[in-house]
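K.L.:
Listed below are the residues making up each chain.
Number of protein chains: 2
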Amino acid sequence: MASMTHSSLPLVFLCSLFYVIFSSFCYCKSVSSITIDSLRASLENQEDFIVFSLIERARYPYNSFAYDPFFLGNQNCSFVELFVRETEAMEAKFGRYQNPEELPFFPDYTQPQLAPPHKFPNFILPKILHPPAASANVSRRIWDMYFNDLLPLFTKKADDGNYQQTVASDLICLQALSRRIHSGRFVAEIKFRDSPQNYIPAIQAKDSETLMKLLTFTSVEEAVVKRVFKKAEIFGQNVNLGKNNVKEAEDKGIESKYKVEPSVASKLYQEWVIPFTKQVEVDYLLRRLI
Amino acid sequence: MASMTHSSLPLVFLCSLFYVIFSSFCYCKSVSSITIDSLRASLENQEDFIVFSLIERARYPYNSFAYDPFFLGNQNCSFVELFVRETEAMEAKFGRYQNPEELPFFPDYTQPQLAPPHKFPNFILPKILHPPAASANVSRRIWDMYFNDLLPLFTKKADDGNYQQTVASDLICLQALSRRIHSGRFVAEIKFRDSPQNYIPAIQAKDSETLMKLLTFTSVEEAVVKRVFKKAEIFGQNVNLGKNNVKEAEDKGIESKYKVEPSVASKLYQEWVIPFTKQVEVDYLLRRLI
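Here the protein sequences line up with chains A and B, keeping their order. Under our numbering, think of the first position of the first sequence as 149, with each following residue one higher. Under our numbering, think of the first position of the second sequence as 149, with each following residue one higher.
Among the clues, some could well be false.
No distinction is drawn between identical chains; accordingly, a pair holds when it is met within one copy or between any pair of copies.
The calculated DSS-like cross-link candidates involving lysine-lysine, where the alpha carbons are at most 27 angstroms apart (straight line), are [as the list claims (entries may be wrong)]:
1. 339 - 275
2. 275 - 305
3. 275 - 304
4. 304 - 407
5. 426 - 275
6. 374 - 405
7. 354 - 378
8. 374 - 415
9. 405 - 378
10. 339 - 374
Keep in mind the hints are simulated off the structure, nothing from the lab.
With the hints as extra help, turn the sequences into a complete structure.
P.N.:
In structure tokens form, the structure reads like this:
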């Protein structure tokens with residue numbers, strides 16, 4: 149842990165290093181290696197982290213101060229918004245958004261200030277997205293859903309003063325949800341490549357409704373919702389050295405057996421994650437022939 | 149999501165807001181409400197988050213670029229060190245270290261630059277720590293253990309280019325470990341208050357060895373290690389809609405049943421978390437009569 153003055157010099161140096169490393173970097177995945185099955189496996193994995201992130205956020209009460217709007221100049225703002233904006237700007241400097249799976253909530257603040265974007269060749273992930281369609285984005289809807297609908301469902305109405313820790317947990321939830329939902333762009337691209345003839349007529353007719361029907365597989369969606377419920381049961385239980393933890397909690401009459409109610413996790417998927425992901429897929433496909 | 153220029157103005161405003169809120173804030177816990185039992189419950193809860201954080205880190209391979217030292221000025225530095233330093237400095241501005249449970253790894257960089265410390269009355273948690281002893285700190289040992297010993301045990305030797313996401317996950321692990329280990333200061337204070345006569349002779353004799361013996365309860369430690377193993381088994385399994393996920397993975401001959409081997413989590417506690425916590429307790433007690 150070397151001590152030195154806090155300056156922007158490190159980032160200039162880093163950018164050069166990045167460039168050297170990236171330039172000698174081999175493609176870690178080829179376009180052909182991405183399939184609907186590998187994407188599904190990745191989405192399934194992401195469910196774990198979404199459930200973990202809800203459980204982590206539930207350590208803190210609601211902490212309304214973090215969300216109360218206040219005037220800043222002539223704009224409404226909030227503690228959480230300031231925090232997310234500053235964090236994203238900093239993470240951008242360290243290269244977070246060079247990975248096309250990651251999208252910032254405040255893109256206006258995330259331009260690397262010390263390294264022009266062209267210094268970072270974007271080949272961590274294969275360039276599989278169709279450029280005009282890659283901008284399909286529901287960040288604003290995710291933000292509003294998270295704060296208006298989801299957060300009050302799984303946090304206690306109280307205040308413990310840990311505002312920074314609270315909004316840092318919020319950002320982890322938001323980033324996990326955004327990554328999951330915006331992966332709809334990759335899903336749509338792979339589905340389109342696999343059978344373009346299925347989608348082209350509806351895309352040409354700008355027929356969102358038909359596209360939505362083509363992208364809907366009710367039995368798969370139901371299985372996802374059930375699996376997420378089960379994950380919240382398993383990951384959110386109070387583990388002790390007894391054999392059956394949930395049963396034990398019931399016997400002791402413990403108020404809540406789970407750190408986050410499994411029904412909240414499954415509702416999150418049923419009402420928001422799955423519909424938003426399909427919306428991203430439709431938005432993507434509508435721009436796929438541009 | 150209002151758009152406005154990125155400036156330091158928000159933080160000045162925030163500091164004023166913080167002051168107003170804190171000034172009207174009631175003490176959320178009284179000294180008398182903190183007992184060894186309530187502390188143990190908190191430590192038990194923290195185990196979940198430590199296991200989650202390891203599982204989250206294990207999503208990414210080792211990514212050695214993030215740890216390779218390079219020269220910056222006349223000092224050795226690394227990508228992860230730069231990231232942690234910048235993140236801590238930013239989190240400090242948002243008040244993270246006003247909570248005495250949180251300790252930065254790079255305290256030289258975490259002074260709130262826009263708000264003098266006295267503007268933040270420190271009463272989120274009760275001031276139970278004895279001031280000269282509160283500085284008991286093993287951050288450097290945690291840092292070295294994490295990167296030198298722990299990380300290679302549960303990450304794949306590979307590189308996927310997600311360096312920012314990787315070091316952000318590292319920081320989450322480090323913060324969870326630091327909070328758990330430095331809670332030894334609170335444990336030591338409560339134990340001392342409960343029966344000062346047990347500790348005073350050894351403290352006066354500066355007898356670390358006797359203090360360590362007084363603080364060692366082998367059966368409790370063994371139970372903690374077993375519980376952490378069980379948590380890693382439960383939280384790190386691949387959940388699907390079958391009845392017995394681990395059994396199913398075994399039947400399918402899946403390479404690793406768990407996202408992080410449970411033996412790594414229990415080793416972490418046995419070899420490092422418990423000994424480091426006790427070291428913090430001893431260091432604290434040695435300064436308790438100053």
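K.L.:
Decide, hint by hint, whether the structure agrees.
P.N.:
Cross-check of the supplied hints:
1. 339 - 275: within (16 angstroms within a copy, 59 angstroms between copies)
2. 275 - 305: between (45 angstroms within a copy, 25 angstroms between copies)
3. 275 - 304: between (43 angstroms within a copy, 25 angstroms between copies)
4. 304 - 407: within (11 angstroms within a copy, 31 angstroms between copies)
5. 426 - 275: within (21 angstroms within a copy, 51 angstroms between copies)
6. 374 - 405: both (18 angstroms within a copy, 21 angstroms between copies)
7. 354 - 378: Neither: 38 angstroms inside a copy, 53 angstroms across copies.
8. 374 - 415: Intra 10 angstroms, inter 34 angstroms, cutoff 27 angstroms: intra-copy only.
9. 405 - 378: Classified as both: same-chain Cα gap 14 angstroms, cross-chain 18 angstroms, threshold 27 angstroms.
10. 339 - 374: Only inside one copy: residue 339 and residue 374 sit 24 angstroms apart there, 46 angstroms across copies, limit 27 angstroms.
Consistency with the previously given hints fails for number 7 only.
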